Amino acid sequence: MPIEELGGAVVYAQTQEGIQLALVHDVFGHWTLSKGKLKEGESPEEGTKREVNEEIGLEVEIIEELDDNEYIANYPDKGKTRKQVTYFLAEAKYQPLELGESEGLDDAEWFAVNEDILDLNFYDDILPIVSKAVKKLTQKEHNN
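Read in order, the letters of the sequence shown are residues 311 to 454 in the working numbering.
No lab work stands behind these hints, which were simulated from the structure alone.
EDC-like mimics (lysine to aspartate or glutamate), calculated; alpha carbons at most 20 Å apart, straight line:
(1) Lys450 / Glu375
(2) Lys390 / Glu380
(3) Lys347 / Asp336
(4) Lys446 / Glu375
(5) Lys393 / Asp377
(6) Lys442 / Glu371
(7) Lys388 / Glu315
(8) Lys393 / Asp434
(9) Lys446 / Asp435
(10) Lys442 / Asp378
(11) Lys445 / Asp426
(12) Lys446 / Asp378
(13) Lys450 / Asp377
(14) Lys347 / Asp377
(15) Lys403 / Glu355
(16) Lys446 / Glu327
(17) Lys393 / Asp378
(18) Lys445 / Glu375
(19) Lys349 / Glu411
(20) Lys403 / Glu374
(21) Lys393 / Asp336
(22) Lys347 / Glu375
(23) Lys393 / Asp435
(24) Lys393 / Glu315
(25) Lys347 / Glu314
This one's a predicted model, so the numbers in the text were calculated from it and none came from an experiment.
Produce the complete structure using the sequences and hints provided.
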(Lines of atoms letter the chains of each structure in order from A and count residues from 1; the text may use other names and numbers.)
(Lines give C-alpha, C1' and ligand atoms only; values in the text may rest on other atoms or scores of the structure.)
Protein backbone atom coordinates (compact mmCIF):
# COMPACT_ATOMS: atom_id res chain seq x y z
CA MET A 1 0.00 0.00 0.00
CA PRO A 2 1.44 3.42 -0.92
CA ILE A 3 2.30 5.79 1.94
CA GLU A 4 1.77 9.56 1.82
CA GLU A 5 3.36 11.92 4.34
CA LEU A 6 1.32 14.95 5.34
CA GLY A 7 1.73 17.95 7.60
CA GLY A 8 -1.04 19.73 9.47
CA ALA A 9 -1.56 22.26 12.22
CA VAL A 10 -3.71 23.48 15.03
CA VAL A 11 -3.54 27.14 14.02
CA TYR A 12 -4.19 29.74 16.72
CA ALA A 13 -4.20 33.52 17.00
CA GLN A 14 -4.18 35.86 19.98
CA THR A 15 -7.05 38.37 19.95
CA GLN A 16 -8.41 40.91 22.41
CA GLU A 17 -11.17 38.40 23.17
CA GLY A 18 -8.63 35.63 23.86
CA ILE A 19 -7.19 32.79 21.82
CA GLN A 20 -8.94 31.66 18.63
CA LEU A 21 -8.42 28.47 16.60
CA ALA A 22 -8.70 28.36 12.80
CA LEU A 23 -10.56 25.21 11.75
CA VAL A 24 -11.67 23.87 8.39
CA HIS A 25 -14.97 22.11 7.67
CA ASP A 26 -15.04 19.16 5.31
CA VAL A 27 -17.74 17.96 2.93
CA PHE A 28 -18.51 15.07 5.32
CA GLY A 29 -19.69 17.47 8.04
CA HIS A 30 -16.65 17.47 10.33
CA TRP A 31 -14.53 20.31 11.64
CA THR A 32 -10.89 19.38 11.26
CA LEU A 33 -7.35 20.72 10.96
CA SER A 34 -5.70 22.25 7.93
CA LYS A 35 -3.31 19.67 6.46
CA GLY A 36 -1.87 18.46 3.20
CA LYS A 37 0.59 16.25 1.37
CA LEU A 38 4.27 17.08 1.63
CA LYS A 39 6.14 17.77 -1.59
CA GLU A 40 9.32 15.84 -2.35
CA GLY A 41 12.22 17.15 -0.26
CA GLU A 42 9.93 19.26 1.94
CA SER A 43 10.16 18.98 5.73
CA PRO A 44 6.91 18.46 7.68
CA GLU A 45 7.24 22.03 9.02
CA GLU A 46 7.73 23.55 5.55
CA GLY A 47 4.89 21.51 4.07
CA THR A 48 2.55 22.43 6.90
CA LYS A 49 3.25 26.16 6.48
CA ARG A 50 2.64 25.91 2.72
CA GLU A 51 -0.53 23.83 3.08
CA VAL A 52 -2.09 26.11 5.72
CA ASN A 53 -1.38 29.09 3.47
CA GLU A 54 -2.93 27.36 0.44
CA GLU A 55 -6.00 26.11 2.36
CA ILE A 56 -6.92 29.10 4.51
CA GLY A 57 -4.65 31.97 3.44
CA LEU A 58 -2.63 32.33 6.65
CA GLU A 59 1.11 32.70 7.16
CA VAL A 60 1.95 30.63 10.24
CA GLU A 61 4.88 30.21 12.57
CA ILE A 62 5.41 26.63 13.76
CA ILE A 63 5.62 26.62 17.58
CA GLU A 64 6.06 22.93 18.34
CA GLU A 65 5.17 19.43 17.19
CA LEU A 66 1.96 18.23 18.83
CA ASP A 67 1.34 14.68 17.69
CA ASP A 68 1.00 12.43 14.69
CA ASN A 69 -1.57 10.00 13.40
CA GLU A 70 -2.14 7.60 10.59
CA TYR A 71 -5.18 6.57 8.62
CA ILE A 72 -6.13 4.71 5.46
CA ALA A 73 -7.79 6.65 2.63
CA ASN A 74 -9.61 4.72 -0.06
CA TYR A 75 -9.72 6.36 -3.49
CA PRO A 76 -12.00 5.05 -6.26
CA ASP A 77 -9.30 5.57 -8.90
CA LYS A 78 -6.12 4.47 -7.08
CA GLY A 79 -7.27 2.29 -4.18
CA LYS A 80 -6.03 2.48 -0.60
CA THR A 81 -3.29 4.81 0.60
CA ARG A 82 -1.78 4.96 4.10
CA LYS A 83 -1.57 8.59 5.23
CA GLN A 84 0.88 9.57 7.96
CA VAL A 85 0.27 13.06 9.37
CA THR A 86 2.52 15.12 11.64
CA TYR A 87 0.55 17.85 13.45
CA PHE A 88 2.03 21.05 14.81
CA LEU A 89 0.89 23.92 16.98
CA ALA A 90 1.20 27.02 14.79
CA GLU A 91 0.57 30.72 15.43
CA ALA A 92 -0.90 33.18 12.94
CA LYS A 93 -2.12 36.76 12.90
CA TYR A 94 -5.88 36.99 13.37
CA GLN A 95 -7.38 37.87 9.99
CA PRO A 96 -10.28 36.67 7.83
CA LEU A 97 -9.79 33.11 6.61
CA GLU A 98 -9.79 32.62 2.85
CA LEU A 99 -10.69 29.07 1.90
CA GLY A 100 -8.57 28.02 -1.07
CA GLU A 101 -9.78 25.72 -3.81
CA SER A 102 -10.15 22.30 -2.26
CA GLU A 103 -12.22 19.31 -3.26
CA GLY A 104 -12.81 18.19 0.32
CA LEU A 105 -13.37 21.44 2.26
CA ASP A 106 -16.40 23.73 2.26
CA ASP A 107 -15.76 26.22 5.09
CA ALA A 108 -13.12 27.72 7.39
CA GLU A 109 -13.82 29.65 10.61
CA TRP A 110 -12.20 30.99 13.75
CA PHE A 111 -13.45 29.55 17.06
CA ALA A 112 -12.84 30.88 20.57
CA VAL A 113 -10.81 28.52 22.74
CA ASN A 114 -13.19 27.53 25.51
CA GLU A 115 -14.85 24.36 26.77
CA ASP A 116 -17.42 24.49 23.92
CA ILE A 117 -14.80 24.07 21.19
CA LEU A 118 -14.35 20.39 22.05
CA ASP A 119 -18.08 19.84 21.42
CA LEU A 120 -17.67 20.55 17.70
CA ASN A 121 -18.03 17.58 15.35
CA PHE A 122 -14.38 16.43 15.10
CA TYR A 123 -13.08 13.12 13.81
CA ASP A 124 -12.18 10.72 16.65
CA ASP A 125 -8.46 10.86 15.77
CA ILE A 126 -8.42 14.68 15.57
CA LEU A 127 -10.16 15.42 18.89
CA PRO A 128 -7.17 14.37 21.08
CA ILE A 129 -4.83 16.58 19.03
CA VAL A 130 -7.16 19.59 19.37
CA SER A 131 -7.61 18.82 23.10
CA LYS A 132 -3.84 18.74 23.61
CA ALA A 133 -3.46 22.10 21.82
CA VAL A 134 -6.32 23.68 23.80
CA LYS A 135 -4.74 22.50 27.06
CA LYS A 136 -1.34 23.97 26.08
CA LEU A 137 -2.88 27.24 24.93
CA THR A 138 -5.07 27.73 28.01
CA GLN A 139 -2.09 27.00 30.30
CA LYS A 140 -0.02 29.50 28.32
CA GLU A 141 -2.81 32.10 28.58
CA HIS A 142 -3.09 31.66 32.36
CA ASN A 143 0.69 31.95 32.77
CA ASN A 144 0.80 35.34 31.00
